[in-house]
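Colleague: In case you want the letters, here they are:
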Amino acid sequence: GNSVTQMQGQVTLSEEEFLFINCTYSTTGYPTLFWYVQYPGEGPQLLLKVTTANNKGSSRGFEATYDKGTTSFHLQKASVQESDSAVYYCVLGGPNYNVLYFGSGTKLTVEP
Amino acid sequence: GGIITQTPKFLIGQEGQKLTLKCQQNFNHDTMYWYRQDSGKGLRLIYYSITENDLQKGDLSEGYDASREKKSSFSLTVTSAQKNEMAVFLCASSPDRASDYTFGSGTRLLVI
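Just so you know, the sequences run in chain order U and R. Heads up, the first sequence is in our numbering, so the first residue is 16 and it goes up one at a time. Heads up, the second sequence is in our numbering, so the first residue is 6 and it goes up one at a time.
It should be emphasised that the hints constitute simulated quantities derived from the structure, not laboratory data. Note that the Cβ used here is the ideal one computed from N, Cα and C, for glycine as well. Hints may be right or wrong, so weigh each one.
Claimed, not checked - Have a look at the derived ranges for each label pair, beta carbon to beta carbon:
#	chain 1	residue 1	chain 2	residue 2	range
1	U	THR85	R	ASP101	28 to 34 Å
2	R	GLY21	U	GLU32	46 to 52 Å
3	U	GLN25	R	ASP101	20 to 26 Å
4	R	PHE32	U	ASN113	16 to 22 Å
5	R	LYS88	U	GLY16	27 to 33 Å
Between the sequences and the hints, there should be enough to build the whole structure, so can you do that?
Modeller: This is the structure in structure tokens:
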């Protein structure tokens, strides 16, 4: 079946530290991969997406690289800010899928 | 721009009660979704609908009914609320299955 694994349930950093959130996926095809971000009291919103046509996506200082060999799609940011505190979801989907498949989420807390 | 509105924002029910959650979108999107969000478990799909009067079951459909009588609205019914149940129900829409979703801000359910 289709699944997404995020092993880090929580990450705590100080401002200006480097962020790395691990994500691996399992599927039979070549999906589009997304990162969604959810702030308290809101629904998730799209942060970035990467298709099979392009291997890397970026938005608001966040980057993610699509690695078909290791089936990974890790999220990185060079220098986090307190305003980046949120829950981040790695998501699998695309034209050959009826729905999006969400990972369990990683809660990022950035301390001033 | 468009918006997805979920009502009510908070819902307190009693064990065994039938509860209905509503979702409206003005994007003119074809596809709508209901997800359940539990702490530490990410988002799990309950039902989705690709057009008016269409219903498709997700992995978590047992214990729920859904209705898509108009393109702009999608309702979800908890057929028999379970005591101590606490979750957030998120509605989303997309123009087609290949596109990313726009989410509402959620309905928070508590069953006493």
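Colleague: Against each hint, give a clear statement of whether it holds in the structure.
Modeller: Do the hints match the structure? See the list:
1. Checked against the hint of 28 to 34 Å, the C-beta distance between THR85/U and ASP101/R comes to roughly 30 Å, which is consistent with it.
2. For the pair GLY21/R and GLU32/U, the supplied restraint of 46 to 52 Å holds, since their beta-carbon distance comes to about 49 Å.
3. Between GLN25/U and ASP101/R the Cβ separation comes to about 35 Å, which falls outside the hinted range of 20 to 26 Å.
4. Distance hint check for PHE32/R and ASN113/U: the Cβ-Cβ separation is about 19 Å, which falls inside the suggested range of 16 to 22 Å.
5. The supplied range of 27 to 33 Å is met by LYS88/R and GLY16/U, whose beta-carbon atoms lie about 31 Å from each other.
In this structure, the one hint that does not hold is number 3.
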